[in-house]
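Chains as they are written, first to last, in this note's numbering: chain R, 1 to 308; chain U, 1 to 439.
Simulated from the structure, these hints should not be mistaken for laboratory data.
Mixed in with the good hints there might be a few duds.
[Unchecked claim] Here are the in silico distance ranges between beta carbons for each label pair: (1) U:His419 to R:Glu123: 30 to 40 Å; (2) R:Trp139 to U:Thr317: 53 to 63 Å; (3) U:Asp411 to R:Ala136: 23 to 33 Å; (4) U:Glu295 to R:Glu2: 27 to 37 Å; (5) R:Gly121 to U:Pro93: 25 to 35 Å.
[Stated by the list, open to error] Keeping only pairs whose Cα atoms sit at most 20 Å apart, straight-line, the calculated SDA-like set for lysine to any residue is: (6) U:Lys335 to R:Ile60; (7) R:Lys284 to U:Thr229; (8) U:Lys239 to R:Ile171.
The beta-carbon is built from N, C-alpha and C at its ideal position, and this holds for glycine as well.
Chain by chain, the residues:
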Amino acid sequence: MEFGPYLFIASLEGAITAAVLALTAVGLSIVFGIMRVVNVAHGEFFMLGAVIAWWVTSMITAHPALGFVAALIVAPLLVGLLAIVSDHLVLRRINYDPERTIVATIGLLYVIQQTTLMTFGPEARPVEAPFNKRIALPWFELGENGFVLTWPWGLSTTTYKLAVIAAAIVILLILWLVMSRTRLGLIMRATQLDSEMAQAHGIHVDKVYALVFGLGAGLAALGAVLIVPIQQAHYLMGGDPLLLSFIVVIIGGLGSVAGTIVAAVLIGMSDGIISVFFTPTLAKIIATLLVAFVLVFRPQGLFGKPER
Amino acid sequence: MTDSSNVPPKKSATDKSRRTALKSIAAGAGVVAASGTLPGLLGHAQAQSAEPIRIGFQVHRTGIGAAYGRWYDRTTEAVVKRINEEGGINGRPIEIVAEDDGTDPKRGAEVVEKFANQHKCDLAFGTLFSHVVFGSAPRAGELKIPYFVVSEGHHVASGKLNRYTLQPGITDVKSQVEAMGPFIANNLGKKVTMIFPDFAFGHDHRDYFTAAFENQGGTILEKIAIPPTETSFTKYFPKIPRDTEVIYHVMVGPAVLTFVKELGEFFGPSKPEIFGFIDSLEAVDLASPGLEFLEGTYFWEGMPRYAQADQSEFDKTYRAAVGVDENGASVSDPKDVSTYAHMFGCWETLYVVKAGMEASGYKGPDDRQKLIEAVEAMSDMPHSNEHPQGAKRFNGKTHQTFGHQYISKVDNGKLVLAHTTSIEDTLYEDEVDYTKQAF
Chain R
1 MEFGPYLFIA
11 SLEGAITAAV
21 LALTAVGLSI
31 VFGIMRVVNV
41 AHGEFFMLGA
51 VIAWWVTSMI
61 TAHPALGFVA
71 ALIVAPLLVG
81 LLAIVSDHLV
91 LRRINYDPER
101 TIVATIGLLY
111 VIQQTTLMTF
121 GPEARPVEAP
131 FNKRIALPWF
141 ELGENGFVLT
151 WPWGLSTTTY
161 KLAVIAAAIV
171 ILLILWLVMS
181 RTRLGLIMRA
191 TQLDSEMAQA
201 HGIHVDKVYA
211 LVFGLGAGLA
221 ALGAVLIVPI
231 QQAHYLMGGD
241 PLLLSFIVVI
251 IGGLGSVAGT
261 IVAAVLIGMS
271 DGIISVFFTP
281 TLAKIIATLL
291 VAFVLVFRPQ
301 GLFGKPER
Chain U
1 MTDSSNVPPK
11 KSATDKSRRT
21 ALKSIAAGAG
31 VVAASGTLPG
41 LLGHAQAQSA
51 EPIRIGFQVH
61 RTGIGAAYGR
71 WYDRTTEAVV
81 KRINEEGGIN
91 GRPIEIVAED
101 DGTDPKRGAE
111 VVEKFANQHK
121 CDLAFGTLFS
131 HVVFGSAPRA
141 GELKIPYFVV
151 SEGHHVASGK
161 LNRYTLQPGI
171 TDVKSQVEAM
181 GPFIANNLGK
191 KVTMIFPDFA
201 FGHDHRDYFT
211 AAFENQGGTI
221 LEKIAIPPTE
231 TSFTKYFPKI
241 PRDTEVIYHV
251 MVGPAVLTFV
261 KELGEFFGPS
271 KPEIFGFIDS
281 LEAVDLASPG
291 LEFLEGTYFW
301 EGMPRYAQAD
311 QSEFDKTYRA
321 AVGVDENGAS
331 VSDPKDVSTY
341 AHMFGCWETL
351 YVVKAGMEAS
361 GYKGPDDRQK
371 LIEAVEAMSD
381 MPHSNEHPQG
391 AKRFNGKTHQ
401 TFGHQYISKV
411 DNGKLVLAHT
421 TSIEDTLYED
431 EVDYTKQAF
């Protein structure tokens, strides 16, 4: 394939990775930003989203779109609820102590992963996309008669893949509106800035924490529901999103939603492009190296505020 | 519950500096990276009964080989039941001791060790994924326990392993592609692009198909290696050169359906000829949405998944014993599609073990060397209930069996047998003589 169309298809694939990664990483980022805890089980919430999507769609068989829409609602709700319960049963008991939270969420990771293995099984299971049509994409070439429209071999995408990118943008916009324009967002931001002062002003910090933990997990699940018609549900699928989310959150700036999104686009796109032109391993090497550089030279992340 | 909910979060939890917080998030990331090494769930050892022959079954219950493992498990169960009903081996029943290896080479070696030292098995058996065989075989050699693999990899016949490792129940990739080369060159095209998984099994395809195909006057335009854990594939396809006449694909892992679907989406209406190894769609329903483009394309099959018009009596018996319907799916769940092109290897291998033990008068672990010598002495095995995939010719020097290969065409969403190769088509020169190695 010519270089131009090749780059175009690589960018498109990268954009899908970026879209899903942005949703997942934003979930991790707000949990970290507001609660100051590292949720190692975040990838498993992602995986659960995909598994529940498979479960819901295999129960509702009338039309693939019907099951999928149900999954879009049910999966994030159930996963969010599970997160709230685990916040109540585990995280609150250890007072959100950062080190102990890491260990506790590792435990949670294994509980969720092994329970899925024992119930859902080790197979990869497909979820049918609500709609999926191949679109051949045009390309412009500078010929003798100026720009000519061509249709290069293989340059294509599907309607569903484009819809995933659009859906991610819409969800992130809604999240931004909630965080910046609503009373709920105000409470969350107040808790993030100074939880003791927020409590002194009558905010139920405990409830905010539970809600934020549920919201973070729900966002991961939502990302998974969007990607599962492309990738299939599998009990080990949470590993990669978790590592990439960590990378994105560190590069973007801890707790900075805008930074997380920018970093997700950066990492997702570079992952797509580098793995196409070189190797997928090199893409991971570069991303991790970038994390090291950020930690050394700008520990607050690209968009994080410097230490108070 | 009530008292703890009134306790405000500790100061330390909320007032951490960003530097401290960063440390903890980085530590978290490190732990995540390390956590992949934790072993999966352990299989359960079965209770001991009077004097059975204990066969350690190394099975991919979890990890990327899980779908194969499930069916290897069912086939093994069926053949053990049948052999035991027929009176067992030398009058002793077989007892299977199954252990999950997580499709992981390191765990594989540990499992072999458990069979030899802890479970006191007579032999080890069953591994499919070639990297697990590579990881486990040296340990089997050190522990001097016979290791019967059902793997397809060329590693056994290549001489890289040892006298204790044998593959008498399934043919290897080198012999398979040796026989596919002429068919592709004569029927589909001379310019091929190969897509294969980036580990030992895929490299066998890359190396031996390239050689076999170039012997036919064909050229390999591009070799695209994809990690077996990959989940998205479109980004690899632009590397396919425009003048490709035939796509040669073989893929494994949990995402094979995505792989084939995205291949179809990439080409759309202007696809080249496609020749695939059924590995790319093992345990996947050919009627899955998105696979319609495969109509008219060809697949190598180790054994035809769909019951053919001229189905042999032996295939009927075998299919019924394992519980597979005429479409290659479980009789109890038509969506649970089998790994029909590979799992016969478990059935045939255990019959070879039975024949070997009977020929050598096997009594216990002290007779392990006699068992290996008895198997090494074997040669032709007729098409029978013991060898339902077809006749075999075992080469005692290379520890590898040879057999017929099947090429099927997708016709109305089903695989219909188009060509059967002879055993002679699949032969190649010996690369090793294990019988000269000391035990």
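For each hint, the structure was consulted:
1. U:His419 to R:Glu123: 30 to 40 Å: holds (31 Å)
2. R:Trp139 to U:Thr317: 53 to 63 Å: holds (57 Å)
3. U:Asp411 to R:Ala136: 23 to 33 Å: Holds - the Cβ-Cβ distance for aspartate 411 (chain U) and alanine 136 (chain R), about 27 Å, lies within 23 to 33 Å.
4. U:Glu295 to R:Glu2: 27 to 37 Å: holds (30 Å)
5. R:Gly121 to U:Pro93: 25 to 35 Å: Cβ of glycine 121 (chain R) to Cβ of proline 93 (chain U): about 30 Å, so the range 25 to 35 Å holds.
6. U:Lys335 to R:Ile60: Distance of about 16 Å is within 20 Å: holds.
7. R:Lys284 to U:Thr229: holds (14 Å)
8. U:Lys239 to R:Ile171: violated (34 Å)
In this structure, only the earlier hint numbered 8 is contradicted, and the remaining ones agree with it.
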